[in-house]
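Q: Here is how the chains run, residue by residue.
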Amino acid sequence: MSAPITIRPDETFTLNVGPQHPATHGVLRVKMEMDGEYIVNAETVIGYIHRMHEKMGELKTYPQFLMNLSRMDYLGALGYSHGHVLLIEKAAGIEVPERAEYIRAITVELNRIASHLFWFGAFVMDLGGFSPLMYALQDREYILDMLEAITGSRLTYSYYRFGGLYNDVDDDFIDAARRFIPRMRASLKKYHRLVTGNIIFMKRLEGIAPLTPEIIRKYGATSAVARGSGINFDVRKNEPYSVYPEFDFDVPVYHECDSLARYMVRMAEMEQSLRIIEQGLDKLPGGPIMPEKKKPIKIAPGDYYQAVETARGSFGIRLVSDGGKTPYRLKLRSPTYSNMHLFDESCRGMLIMDALAFMGSLDLVIPEIDR
Amino acid sequence: MIVEKTKLALLNLFPQSEPVAAAAPAPLQEEGEKKAPKKEPPRMNGVMERDYNVHGYHLDAQVSPAQLLDAVAIIDDAGFFIESITGVDWIKEDQLEVIYDFSRYDFDLCRVVIRTRVPRSKPVVPTITGMYAGANWHERETHDFFGIKFEGHPNLIPLLLPEDADFHPLLKDFKA
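Protein chains in written order, with this note's numbering: chain C, 1 to 371; chain V, 1 to 176.
Don't read these hints as lab results, they were simulated from the structure.
Don't take each hint at face value.
Unchecked claim - Part of the chain V face toward chain C, derived, beta carbon under 7 Å:
1) His55
2) Ala165
3) Phe167
4) Pro169
Said to hold, decoys possible - Capping the alpha-carbon separation at 25 Å, the derived lysine-lysine pairs in DSS-like fashion look like this:
5) C/Lys325 <-> V/Lys92
6) C/Lys90 <-> C/Lys203
7) C/Lys294 <-> C/Lys325
8) V/Lys92 <-> C/Lys55
9) C/Lys60 <-> V/Lys175
10) C/Lys55 <-> V/Lys175
11) V/Lys92 <-> C/Lys237
12) V/Lys172 <-> V/Lys122
13) C/Lys55 <-> V/Lys149
14) C/Lys325 <-> V/Lys172
15) V/Lys172 <-> C/Lys60
16) V/Lys7 <-> V/Lys92
17) V/Lys92 <-> V/Lys5
18) C/Lys55 <-> V/Lys5
19) C/Lys283 <-> C/Lys325
20) C/Lys203 <-> C/Lys237
21) V/Lys7 <-> C/Lys55
22) C/Lys31 <-> C/Lys60
23) C/Lys237 <-> C/Lys60
24) V/Lys122 <-> C/Lys298
25) C/Lys298 <-> C/Lys283
26) C/Lys31 <-> C/Lys293
27) V/Lys175 <-> C/Lys325
28) C/Lys55 <-> C/Lys298
29) V/Lys92 <-> C/Lys298
As the list claims (entries may be wrong) - Which chain C residues stay away from chain V? Per the calculated CB distances, all over 10 Å, these:
30) Ala226
31) Met290
32) Leu342
We put the beta carbon where it would ideally sit given N, CA and C, even for glycine.
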């Protein structure tokens with residue numbers, strides 16, 4: 001019994017991160033094979049909250065499916081709804097009044113900021129800093145109040161309709177949005193003073209989890225994950241849709257490829273969204289928010305694709321129609337699915353703490369992966 | 001233009017059928033739809049250009065499962081990234097279709113769709129995980145939903161469905 005314990009260098013153990021773990025922000029499980037604190041191998045297990053939205057897409061009529069899209073990504077739901085309505089409008093040849101398209105862009109960008117704010121707070125909390133989350137949630141609250149007033153809900157908005165919107169914006173909304181812009185700009189400065197540059201924060205992120213452009217391409221990653229690796233790709237610019245060509249905004253790109261670069265991209269994106277909102281409010285035309293005449297939705301047989309830039313990256317939606325009342329097939333390509341997929345390969349040899357910081361920099365929303 | 005270049009490269013997969021491929025844009029019968037109601041002839045393998053403003057993609061190549069790896073290699077060499085892989089159950093034709101979506105990060109916008117069809121009774125296609133590591137989950141998901149087997153896949157176990165799932169919910173004859 002007194003013989004010393006010998007540890008074989010090739011001895012590894014299995015560590016389950018999740019499916020119920022605060023760092024995964026949802027029901028995600030990563031089976032890690034560990035050598036001490038180093039990851040030898042990782043296998044991501046998803047599907048715990050799979051709801052089969054794609055089957056529902058085949059069973060429900062086109063308008064009935066509207067609400068499903070807002071239940072994929074609970075932080076940035078409007079971006080997904082936007083892709084859905086754009087696809088059906090394109091396939092069915094429905095004209096959208098200009099005012100509706102502007103309001104869509106404004107609300108999507110507000111939602112993007114709300115999503116990034118939550119990510120920012122949660123990400124810093126993952127790294128051990130609790131108070132930034134409270135500030136971020138306060139700013140996010142302004143947005144949720146604004147959106148609640150016009151859409152009727154705080155997270156799962158079903159605000160867009162084929163051809164326009166469910167509800168017009170009022171002066172209160174426009175005033176609140178105008179007031180929000182300078183407040184948010186001041187907050188962004190505050191966040192940088194509070195967090196960016198903090199020595200502990202920097203050490204956890206700088207040079208950690210480098211993702212080469214090649215690995216990004218092989219997995220089809222998008223959003224800040226791609227833009228933090230020097231890939232200048234944003235669907236709003238690369239494949240312009242809606243009224244985005246009318247706006248003057250930049251796509252922040254960082255070339256360091258590390259977790260810090262992904263953080264910097266998202267922080268810079270909030271400012272760009274503010275610019276879009278500002279211009280949208282200035283240019284907001286009058287007029288109707290729905291087409292004069294409502295036509296039944298009739299889609300010619302064939303297949304149709306639409307991609308949009310959501311807060312989490314390029315969301316694609318494919319419709320295969322046989323001319324019937326419901327889609328023959330509806331495929332949802334969720335961006336975090338591809339962003340998360342590269343985690344297994346990239347985290348090998350990493351310290352577990354670095355890997356969790358890396359996971360935070362991917363900005364995961366699990367129901368959006370599982371659909 | 002990358003659309004032209006990729007189209008020519010993909011057309012090389014169909015050497016003997018040059019005239020057929022040249023006539024390929026004809027099936028774009030959006031307007032003449034009333035004339036051809038139900039009995040459309042099955043689409044031949046080949047490359048088509050699609051109207052991006054209507055369909056949202058530029059190139060549409062239908063290949064045989066044997067040509068799939070060659071087609072994806074062309075796409076890979078040209079620097080495309082993988083968007084998704086999915087299936088469609090064409091139960092009336094007794095076929096399953098596998099659809100691969102590719103796009104580009106640069107501003108030379110070109111969306112390519114590669115599709116291949118297999119009989120429902122023997123749904124087997126080769127895996128492309130050797131070229132695109134990110135195809136791994138997409139293929140597992142397609143296997144979950146349609147039962148399509150991706151030959152050579154390193155780990156073809158359920159991804160989104162329960163680990164003991166023996167059903168394929170997106171098959172049209174699936175009964176819950």
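Q: Take a quick look at whether C/Lys298 and C/Lys283 sit within 25 Å of each other, Cα to Cα.
A: With Cα atoms ~33 Å apart, C/Lys298 and C/Lys283 exceed 25 Å; violated.
Q: Has the given pair, C/Lys31 with C/Lys60, been kept, meaning a C-alpha gap of at most 25 Å?
A: Given pair C/Lys31, C/Lys60 is violated - Cα atoms ~36 Å apart, limit 25 Å.
Q: Given the hinted pair C/Lys325 and V/Lys92, is their alpha-carbon gap at most 25 Å?
A: OK: C/Lys325 and V/Lys92 at ~18 Å, within 25 Å.
Q: Does C/Lys55 pair with C/Lys298 here, judged by a C-alpha cut-off of 25 Å?
A: holds (20 Å)
Q: Sort out whether V/Lys5 lies within 25 Å of C/Lys55, counting only the CA atoms.
A: violated (37 Å)
Q: Closer than 7 Å between Cβ atoms is the bar; does V/His55 clear it against chain C? Give me holds or violated.
A: Result: holds, 6 Å to nearest chain C Cβ.
Q: Below or equal to 25 Å on CA atoms is what counts here, so check C/Lys31 against C/Lys293.
A: violated (54 Å)
Q: Does the CB of V/Phe167 sit less than 7 Å away from some CB of chain C?
A: V/Phe167 check fails; min Cβ-Cβ to chain C is 11 Å, beyond 7 Å.
Q: What's the verdict on V/Lys172 and C/Lys60, does the C-alpha distance respect the 25 Å limit or exceed it?
A: holds (15 Å)
Q: Going straight from one Cα to the other, do V/Lys122 and C/Lys298 come out at no more than 25 Å?
A: Distance of about 34 Å is beyond 25 Å: violated.
Q: Within a Cα-Cα threshold of 25 Å, do V/Lys92 and V/Lys5 meet the stated pairing?
A: Not OK: V/Lys92 and V/Lys5 at ~35 Å, beyond 25 Å, violated.
Q: Does the claim that C/Ala226 lies outside the interface with chain V hold up, using a Cβ gap greater than 10 Å?
A: violated (7 Å)
When held up to the earlier numbered hints, the structure conflicts with 2, 3, 6, 11, 16, 17, 18, 19, 20, 21, 22, 23, 24, 25, 26, 30 and 32 and fits the remainder.
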